[in-house]
Amino acid sequence: MINITLILGSMLIAIGAFYELIGAIGMLKLPGFYLRLHSATVSCIGGSVLPLIGIALIALGLENLGVQGLYITGTCVVSAIIILLLAPSGSHSLARAAYIANAVSKEPLVYDALQEKIRGD
Amino acid sequence: MLNYFLAGTIVVYVISALIYIVRLIRGPSTPDRVLALDALSFDLAVFLALLSLFLERPVLVFGIIPLVLWIHAVDIYVSKYLEAREMGE
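Which chain is which? The protein sequence lines are A and B, in order. In this text, residue positions in the first sequence follow UniProt numbering: the first is 1, and each later residue adds one. In this text, residue positions in the second sequence follow UniProt numbering: the first is 1, and each later residue adds one.
Just chain A, with the same shape it has in the complex:
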């Protein structure tokens, strides 16, 4: 039982570290704000929620932490749920504000349907 939680948590942390590194490289290399938004949301959900749940499972399975491991478990589960709820809404509101305020350049954009919709109505 304990070994299952340790192995599952380690797998989740490994997958999350991979996502985080991919998101960071995309954040550095991709051109334009809207493409960087994609890589930022990849690293937020895949790179933060999955490792926090993995850390919670590992802290639940470790025996030498004792009762204090439950502190890590509870805090990590709560913050994973908070990130899962709040990170997409924050990114979405930031993208909407950047689009409406024309704060960034839409460099690799091919077809802008939202502009037509705003102008048409």
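Treat each hint with caution, since some may be false.
Stated by the list, open to error - Here are some of the chain A residues that sit facing chain B, going by a computed Cβ distance under 8 Å:
1) G23
2) S48
3) L52
4) R96
It should be emphasised that the hints constitute simulated quantities derived from the structure, not laboratory data. Glycine included, every Cβ here is placed at the ideal spot set by N, Cα and C.
Fit chain B to the known structure of chain A by using the hints.
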């Protein structure tokens, strides 16, 4: 075995944080910088949780809930400022 794995993962998160700091300094516009700060803050939250598990000090992990809530407040404030040019009173 688990300690080596956690140390390697901490190194990966530190490298990701350095790349985010490069984008935070270099970012051409304000939304780019706020997006980099967003990703950097979530990275830092996972880094603190991993560090508390690695050092076996559960005191370190309690700071990540205010950190996560704070970065959502920054998102909302900056997007409101970009849309309406005022901070919301």
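Now the hints, each set against the structure:
1. G23: Holds, about 7 Å.
2. S48: holds (4 Å)
3. L52: Holds - the Cβ of L52 of chain A comes within 8 Å of chain B, reaching about 6 Å at its closest.
4. R96: Nearest chain B Cβ about 7 Å off; hint holds.
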